[in-house]
Structure formats: C-alpha cells, structure tokens
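Peer 1: The residues making up each chain are set out below.
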Amino acid sequence: MALQFEVVGRFNRARASKLTLPHYVVQTPMFMPVGTQGTIKGLTNSQLEDIGCQIILGNTYHLALRPGAELIDELGGLHKFMNWKRGLLTDSGGFQMVSLLHLADITEEGVTFQSPVDGKPMLLTPEESIQIQNKIGADIIMALDDVVRTTITGPRIEEAMYRTLRWMDRCIAAHKRPDAQNLFGIVQGGLDPVLRDICVRGLVERNLPGYAIGGLAGGEDKDSFWRVVAQCTAALPEDKPRYVMGVGYPLDIVVCSALGADMYDCVYPTRTARFGTALVPEGVLKLKHNAMASDERPIDSTCSCMVCKNYTRAYIHSLVTRDAMGSQLLSYHNLSYMMRLSKDLHMSIVEGRFPEYVRGFLRTQFPKGDVPQWVCNAMEVAGIDISSCCAPVPV
Amino acid sequence: MRFVVTKPSAGAGAAGKARLGALYLGGGGAAPPIETPALVVPTRRGLPSFISRDLLDRLPYPDSLLLHLSPIHFIECPSTRTIKNIGGVHEMVGLQDHFFIASPGDSVESLPEHGGTNKIGAAFETPSGRRLINPKDYMDIISSTRPNLWASIADEVPAWVTEKRNRLSIDRTLKWLDDCLSLDQEKGASTLGAVVGGPNIEHRKKMCN
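These protein sequence lines map, in sequence, to chains A and B.
First residue of the first sequence? That's 1 in my numbering, and the numbers climb one at a time after it.
First residue of the second sequence? That's 396 in my numbering, and the numbers climb one at a time after it.
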C-alpha cells in the first residue's frame, strides 16, 4: 500500500480526511478534474495549481493510443511527461467499454477495441491495463472492471459483477508496483443490492488500498443512484478512501459526501464550459444567452477566481460563441468552483458545521424550497435535517 | 506616451534606415521603456489567443505590455455602451497596465478587403462575413474601448491595382483620417495616421507630409 488515509473530521456518515499519496497529500472530499490525454483542456499546470487542484485523472485507453505507454515510460512516467507534480489517477479503460461500445467486444479474456486512430484491433486485458498503468506511473490506478450501464437489466449485470471480481485478481497479480501505486477495486453490480453486496464483500476480502463505486452516473434515476452509493459506503471499510466514479454535478457530490464518499471525477465542469455554461452557487449560468450580452456583473459575485475577479458576463458572452478563449476562461472558473466546493465540504466537516453547509447549499440552489425528493430521501439516511430548506407540501 | 530614438542610423544618407528606439508608455506606470523595434502581440477581442491575463504576466516584461487591438472584433458585441460602462478595453480584459495599439486589420479575423471598400467605408473579411465600417462606427468603438494609440481606417489596396485606384485610396484614407479626427475627443493626441500609396514611393512620401 502506498497511501495513508487519516479521517480528520466526521458528521454521521460524512468524513473529511487527509490522504497521503506518493506525490501529494490531498484533502477529501475532493473533486478530480479529468485530463484524458494528459492535459486538462484549456488550462495550464500552473493554473491548476493556482485553483487548488490536487489530483488529475488520466485515461489508460486514450494514453495507450496516443502518445503510447512505452513513450511515457521512457520519458519518466506521466508526472514528468506532463510536468505535473501533484497527484495523478489513471482509469483502467473500463468505462470506454460502455462509452465506446460500438467499438468494443467483451470476453473473459478482456476487451477488444477497434482503435479509433487507425482501426486496428486493440485488446485490453486486466494484465495489459495494469502494465500500461504501471508504465504511466499514477499514484492511484484502477482495476479493469466489466462495466455495464445501469439502464440495462438481466443476467448481463450479474455476469459483469463476477467477471469484475475475477479480473480484480488478475489485476492484483499483474501489479508490479504496489509500493508506489495504489490499485483500487471497483464495485459493480448495477442497481441490484444483492449483487452490489457480493461485489463489496469480494473486494474487501482482497484488502485493497481503496475502493471505487462504479457503474453509476450513466442514466439511472437519482433515487437508485443514491441508494447504491449509500449501500456501498455503508459496507466499505471506514479506514480506506471511497471514490464514486463519474460524479459529477455539485448537488450529487454534496449528497454523496453526506453519505460517506470521499473522491469524485467527472468531465462535466470542463465539458459544460466548452458549451458556454458556468457553474454558480444557484446552479448554472448559460453565457450564450442574449441577456448576458449587456450584463456587467462577474459570473459569480461570491467567487474569487481569476475569471470572476477580472471579467464580466458581457465579455465572456462575446467570447463563448466566437473564440476558444471563452471555453478556456469558463473551464478555469468551473474548475475553481469545483475546487472551492471540495474545500468547503472538507472544512465544514472539520469545523463541525457540515449540516449548516448542506442547508446553505440547498437553499441557494433551491430558493423556492423545491429540493428534489431523492435529495430529501438521501439526506434522511445521511442523518442531516434539511426540512428548513424544503417548501411545505400543500395540503 | 513618448518615443525616443536612442541610436539613429549612422553615415551619409542614413535617413530612413534602421534605428533603435525606446517607447515610454507613460500613464503613471513604472514600466521600463520598451526597446524598438518591438513586436506588438496580436489579440482576439483584447486577449492574446489562449493566454489569459495570469499567463500573460509570465511573458517577457516589459515587451509583453504592447498589445494589438482590432476594433473590428467588437463590431457585434459587446455593444459600445457596454464596453464604455465596463471602462474600456483595459478594464474589460483585466489588463489595466498594458498598452493597446488599435488598428482595424489583423492577419486572422479582420482582413482588409479592398474589393468591398467604397466611399462609405473600408471593408473587412471577418468570421461572420464581410463588414463595411465607416469612420463614425469606427470611432464609436475607439471611444468606447479607449486604446492607448489608434490608427485611423485606411483604404488599403494591393500593389497591383491601377494608378487611378491607388490615388483614390490615398484620397479616401486622408478624408477618413479627417473624419476620424473630427470625431475624436482627444483631437488626435493618440492617433496614428495610416500611410498608403501602393508601390509608388512618391505617393507615400506625399502622404507622410
């Protein structure tokens, strides 16, 4: 194990922690931006450091395609290749099975992809995935899992869950750098609590450095989503980090943190920035709207990021449909927002004011009291009273 | 702003040859002078491409203080009123200490198109199509953006046009200069006159005079 996990604050299921990794010491709850091919689109490393980014995600599938694991290894690993001194996490390539399914064929041996670069077949086995990740050299690496969309029903989900456990053993056996890289297991099982329980137990038996909850954030209803997270966080070890993959929206992160999750990743903040949408405490702000053309306010008056301190909505509006700089500035702001969210979650738990923080968050996002029912249900399980945020139900 | 020749050309017949200079930006800033010849950094809507203000600070100083601004980039938005309310281009792009030199054309998004230019105004090819800009519209943008220096609009023509067309470009350019100056609240204190005349050296000399 190449990490240390220390819980430094709690409120019921929620926890704040100090996670010591080979390259960096991080605070959780924590959001990790996605730098699929070794870069966050539109931002430099120095900007990422300025906004407080702790860990960046890379992707095995994409990095193996371009520039290639051998090249990265020869040049000293991904940290050196992209000149990033803080934490790195690489995904196994498993999610590409789902997102690029039209290019993939899944068998017990592994996943055969048709390379989008040159059309050649590319076989990704658990062993190959770990070998590539060993060469990339990230602080945290993910096991290759058999990912199935939660919107699918039937025996395929059970098949995928058991295969994930079998592939976990192959990943462990293939992992050559356990002293420098932490191999996380991924809980699968769709929306079936029985399958999820079997998978959690199986992974916990293998005594891994950390655990991820996978297969979510793919179109399932929110009520099912939080219940799976709640079930898994309740069953996973207290003294190991918990990572909900593919999450996400700020609201989802607040709920999952209340339920006991620690780490999150998603392309949403940067992707939505490239479509002209800014993240704000009230929800989202669409900079393309004509109303923004003469709005002289900053994107978010409560935000102290470089963009909000220097640029008006009107100026950003003039960029977003015409110039890449618009995407760049919005990406900067959106990631600043996510880093601030992470920091606020951590500090509110440490300082014993987490429920107040959650209520403040919900009041700002839902000023009319229309907090979604799934959030109310989740917070009840988390033991946080949000009744003051919800409008009374009409009689 | 103040410009000083620090090392003139040497020898007989040296007028019009290369020289070294120093550009003092003034404005109360403590920036050392910029040595000339100097590159003016191109911008798109006031910001260098892909370089936000925090990254611009890391470029060589004080040379990176000189920025080019094309007023044509602001034809559509923000409106001149909005730009004025924000406080001009320096405030709008968060580069209060930088020195903006405005001229209509650039090499990417605002390309002079002599075929569309007429007595009303100069034409430019932009990403949103060909735009015709007259002195009044141009000066509206200049007065709202408030660059440190600005060049008047010119009827730029390629070297292969006829002599008649070349003389017409000179007449129009001079007229537009007068029109721009008449609309300038500073009465030309920050104006750069544009010298046209094609390959005809005599036309160019007369225009300089």
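Keep in mind that the hints were calculated from the coordinates and are not lab data.
It is possible that some hints are incorrect.
Calculated cross-link-like contacts (lysine-lysine; reagent style DSBU-like; alpha-carbon spacing at most 30 Å) [stated by the list, open to error]: (1) B/531 x B/559; (2) B/479 x A/286; (3) B/601 x A/288; (4) A/288 x A/309; (5) A/80 x A/18; (6) B/601 x B/531; (7) A/80 x A/343; (8) A/286 x A/176; (9) A/288 x B/479; (10) A/286 x A/343; (11) A/80 x A/222; (12) A/309 x B/479.
In silico contact screen, one side only, chain A against chain B (beta carbon under 7 Å); selected entries [claimed, not checked]: (13) 7; (14) 224; (15) 293; (16) 294; (17) 314.
In this text, all values refer to a predicted model and were calculated from it rather than measured experimentally.
Glycine residues also receive a C-beta, built at the ideal position from the N, C-alpha and C atoms.
Peer 1: Give a verdict on every hint.
Peer 2: These are the hints, each one checked on the structure:
Among the hinted pairs, residue 531 of chain B with residue 559 of chain B is consistent with the structure: their alpha-carbon atoms are about 26 Å apart, no more than 30 Å. Between residue 479 of chain B and residue 286 of chain A, the direct Cα distance comes to roughly 24 Å. Compliance with the 30 Å bound is thereby established for this hinted pair. For the given pair, residue 601 of chain B sits about 49 Å from residue 288 of chain A by alpha-carbon distance, which is inconsistent with the 30 Å threshold. Distance hint between residue 288 of chain A and residue 309 of chain A is fulfilled; the C-alpha atoms sit about 20 Å from each other, no more than 30 Å.
Of the pairs offered as hints, the one joining residue 80 of chain A and residue 18 of chain A holds, with about 25 Å between alpha carbons and a cut-off of 30 Å not exceeded. At most 30 Å may separate the alpha-carbon atoms for a hinted pair to count; residue 601 of chain B and residue 531 of chain B meet this at roughly 26 Å. About 27 Å separates the Cα atoms of residue 80 of chain A and residue 343 of chain A, which keeps this hinted pair within 30 Å; it holds. For the suggested pair residue 286 of chain A and residue 176 of chain A, the alpha carbons sit about 47 Å apart, so the restraint of at most 30 Å is broken.
Note on residue 288 of chain A and residue 479 of chain B: the hinted pairing holds, with a Cα-Cα distance of about 21 Å set against a maximum of 30 Å. Restraint check for residue 286 of chain A and residue 343 of chain A: the C-alpha separation of about 25 Å stays at or below 30 Å, so the hint holds. A threshold of 30 Å between alpha carbons decides the hint, and for residue 80 of chain A with residue 222 of chain A the separation of about 40 Å lies outside it, so the pair is violated. For the hint pairing residue 309 of chain A with residue 479 of chain B, the CA-to-CA distance comes to about 18 Å; that is within 30 Å, so the pair holds.
With its C-beta approaching chain B no nearer than about 35 Å, residue 7 of chain A sits outside the 7 Å limit, and its interface hint is violated. With a least beta-carbon distance of about 41 Å to chain B, the hint placing residue 224 of chain A at the interface is violated under the 7 Å criterion. Hint status for residue 293 of chain A: holds, given a least beta-carbon distance of 5 Å to chain B, under 7 Å. Hint status for residue 294 of chain A: holds, given a least beta-carbon distance of 5 Å to chain B, under 7 Å.
For residue 314 of chain A, the interface hint holds, since its Cβ comes within 7 Å of a Cβ in chain B; the closest pair sits about 5 Å apart.
Of the hints listed earlier, those the structure fails to meet are numbers 3, 8, 11, 13, 14, in rising order.
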